[in-house]
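Number of protein chains: 2
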Amino acid sequence: MNNLDIKTYMQDLGQRSRVAARAMARAGSRAKDAALAAIAARIELEQATLIDANARDLEAGLSSGLEAPLLDRLELTPARITAIAEGLRHIAALADPVGGITDLRSRPSGIQVGRMRVPLGVVGIIYESRPNVTADAAGLCLKSGNAAILRGGSEAIHSNRAIAACVRAGLDAAGLPADAVQVVDVTDRAAVGELISMPEFVDVIVPRGGKSLIERISREARVPVIKHLDGLCHVYVDAAADLDKAVAIAYNAKTQRYGVCNAMECLLLHESLAAAVLERLWPMLRETGVEVRGCERSRKLVPEFKAATDADYATEYLAPILSLKIVDDLDQAMAHIEHYGSKHTDAIITEDLGATRRFLNEVDSSSVMVNASTRFADGFEYGLGAEVGISTDKFHARGPVGLEGLTSQKYIVIGDGNIRE
Amino acid sequence: MNNLDIKTYMQDLGQRSRVAARAMARAGSRAKDAALAAIAARIELEQATLIDANARDLEAGLSSGLEAPLLDRLELTPARITAIAEGLRHIAALADPVGGITDLRSRPSGIQVGRMRVPLGVVGIIYESRPNVTADAAGLCLKSGNAAILRGGSEAIHSNRAIAACVRAGLDAAGLPADAVQVVDVTDRAAVGELISMPEFVDVIVPRGGKSLIERISREARVPVIKHLDGLCHVYVDAAADLDKAVAIAYNAKTQRYGVCNAMECLLLHESLAAAVLERLWPMLRETGVEVRGCERSRKLVPEFKAATDADYATEYLAPILSLKIVDDLDQAMAHIEHYGSKHTDAIITEDLGATRRFLNEVDSSSVMVNASTRFADGFEYGLGAEVGISTDKFHARGPVGLEGLTSQKYIVIGDGNIRE
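Line by line, the protein sequences give chains A and B.
For the record, in the first sequence the residue sitting at position 414 is 414 according to the numbering used here, with numbers rising by one throughout.
For the record, in the second sequence the residue sitting at position 413 is 413 according to the numbering used here, with numbers rising by one throughout.
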C-alpha cells in the first residue's frame, strides 16, 4: 500500500471504530461479559488454528533472524493460549466501571449534581511482538465500554489476525458490533503515524513497548497518550529504618525480577545505618550475582563495589546491577530522587512518622511507598484487577492504569423544573 | 525580540516555573491562603496604580480602534477591582484539594494502597483581553499547588503587569516563591508558540478565549490542553414532559443570557407535545425578541417561524436566535444531538424514568441534565467553588473544571516490611 492508501484505510478503520464505540458505550454489563466469555471459549476452541498461524510468524521470524527472546515472546503454546482465555474470564469477573454515579449532591439552587463514569471512546493500542496483548487489550477496552484499534508488531501479524478473528466472533455472538475491536492489518509503519493523528476517530493512545517506540509516539501524537518512559526506582533507607525490613525490601526490590520497570535501580542509605545495612545486604547481593556501583563513602565500607559515575545514577539497568549512594539525610535523598529519578516508583524505609509524611507528600512519583518493595507497583497488586499500562504522566491517570483509566466522568444534573435566576 | 530571543526568554520562564512548582506542591494550606489574602489586600491597596496602568491599555486600545465590547472587557473599574479581590478571598475559603488521601485499602499481600491528590505542576493559561483573568487564574493555580504562566492579550499588557506585581508581592509576603505566578511580558505571538511546546516545563495548557484561538492551540500544542470548543446545547421536551417545567426551562435556557456557552441553541420537541409547548412558549420568546428558525412541521404550527436550514442546526448562535425541530421520539432526539451537538450540555424534560435513564446513559456530553436549565452547567452552580474552564474533552476532566481539575492523583503504598513473593 502507498501512503495515501494507508491513510484511506486507517480513516475507514477509525470511522468504523467511532460507530462501534457508540454501541459499546451503551452496551450493558451482561452483553459485555457474554462477549468476553464467548471470546475466551472461541480462543480455546481455535487453539489449533492459533498455533498454525503463530507457526507462520515464528518461521518468518526465524528466517529474518529475530533474536531468541523476541521469538520466545512471540510464541503461542497451548498453555499460553489457556492463559489468554483465563485472562479474559478474569476481566469479565471485574466490576463494570461504566455508569457508576458518584458524589451526587444537592445544590442550593435545588438541582442535584453528580458524576457518571463513561468510556473514553476509541482507544488505540500500539505494541510489539507478544500476541497475548491483542486479547488482553481487546478485553480491557471491551469491558470498559470502549472500541479498540490494535496495532501489534508486524512479526506477529498472522497470530494477531487469528486472535482478532476469535474476538470478532465472540463480539458477534454476544450481539455487539464486531468493529468494536479492529486489528490494523497493514504492517507498514505509516499506519502508526495515521493512528496517532486522527483525533476525530481516536481518543487516546496506549503504547506498550520499548522506550524508543514510546518516545516517538509521544512526540508525534496528536491525541493524548497514556505512557511511561523509564522506571528508575529508588529505595531510601532512612536513619529510623528497621534493619530487617530495610535488608529484606532492598533485596526483594532488586532481585525478585530484573527486567521490569518497578525493580529498584538505586539504593540510598542514610549514613548512620549504611554500614549495618551493607554488612547484611552485600553478601546476599554478591551471592545472587548483583554488581554494585557505589559512591566513594560506600566503597570505603565495601571495597568490592565498583565506582559509580554520574551516568550510573541516571541509568535504568533492567539487569543485576545496582547503583548505591550514602546520603546525609532525608533532604539529600529526596534531592537525589528528584534529580535522577523517573517519577515512577520510590520507597522509603523508616519507622519515623515525620519522615514518612514528608516522603509521601514531597516525592513526585506515580507511586510513593513506605516500608514496601517497589515491586508492588502493579495493577494486580493494587487491586485494579488488570492493567493496560503504567502512567508516569500527571494528566488523567498516574501509576498503574486499569479499567478506570480507560474511562472518564461526565456530570449529570437532576432537577425538578429548575431554572437559573 | 527576535524568535530566538523569545525562545530563550520562554525557556527561562519555564525553568523558573518548574522550580517554583516544586515549592508550591509542598506549600501548606495556611501559606497558600495567606498568599491569596495578601494578594487580595495588595490589589485593593494598589487600586490607583491598577487604574492608571489600565488607562494606558484603554488609550492604546482606543487609538488602535479596538471595538466597544472589547474595550468594555478590558476596563478595570473600582468595582471590578473589588470583585477581583473578593474572588481571591473566595478561592482562599475553598478546601485545599492537595494531599487528600482516598480509597486507602488493604490488599491480600498486606500492603495498604491509596491515592493522594497532587498538583499537576506548571499550568499555562492563555487568554484574551479581560485582566481579571490574570488574578483569577493565578489564584486557582496557587490554591491547587501549581505554578502558573499567564499569557494575556497584548491589549491588556499594562494592566496584567500591574496585577502580576500585586500577585508577586502577595506570594513574597506569604513566604512563597514569587515565580509561582509569572506573566509573559512579551506580546509577540511567537511566545504562545513556545509556551505550548515546552513539555519539559509546562504540564497543561488552559486556553480561554474564542474558538479560533482554542483550535489553533489544540492543533499545535505539544502538552495536554483543557479546552472546550463549542457550546451547542439542546433541550429535548419528551412525550412525558411536564408542560410547565418544559416551558419554564426552555425559556430560561434560551433567554437568561445569550452570549454564553451553556445557553440553549436548539429546542427539540416531541410531536405529541409540540403544539401545547409552542402555544405557551412562542409568545414569551416573541415578546423577548427571540427569532425562531424551525423545521417544516413546526412552521405549520407557527407560520411566523423562519425555515431552519441544516446549517442552523449546526450553529452556536450566542444570540437571541433559536433553532427548533419536532421529532418523532427519544431516539430521533438523541440522534439529532449526536449529529449536531458539541458534547457540551444537553437536557431532557420528562417525568418518565425510562427516558431519563436512557438520556443520562446515552447522551455523550460533558453535562447531561434532566428537568433543569442548561444554564446550570457552571463550576459555581456545581459546587466546585470556582472554574478555570469547561472541558468538552473526555481525557482527564469533563465539564466545568475547578481546583480538582488542576490536580492529579498519585498512588501511595504503606507497608510494614512487605516484599513481593
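It is possible that some hints are incorrect.
Given that identical chains are not distinguished, each listed pair holds provided it fits within a single copy or across any two copies.
[Stated by the list, open to error] For lysine-lysine, the following DSS-like pairs were computed, each having C-alpha atoms within a straight-line distance of at most 30 Å:
#1 K245 with K7
#2 K300 with K7
#3 K410 with K245
#4 K300 with K245
#5 K245 with K211
No lab work stands behind these hints, which were simulated from the structure alone.
In this text the structure is predicted, and so the values were computed from the model without any measurement.
Compare the structure with the hints numbered earlier in the document and write down the numbers of the violated ones, lowest to highest. 1, 2 and 5
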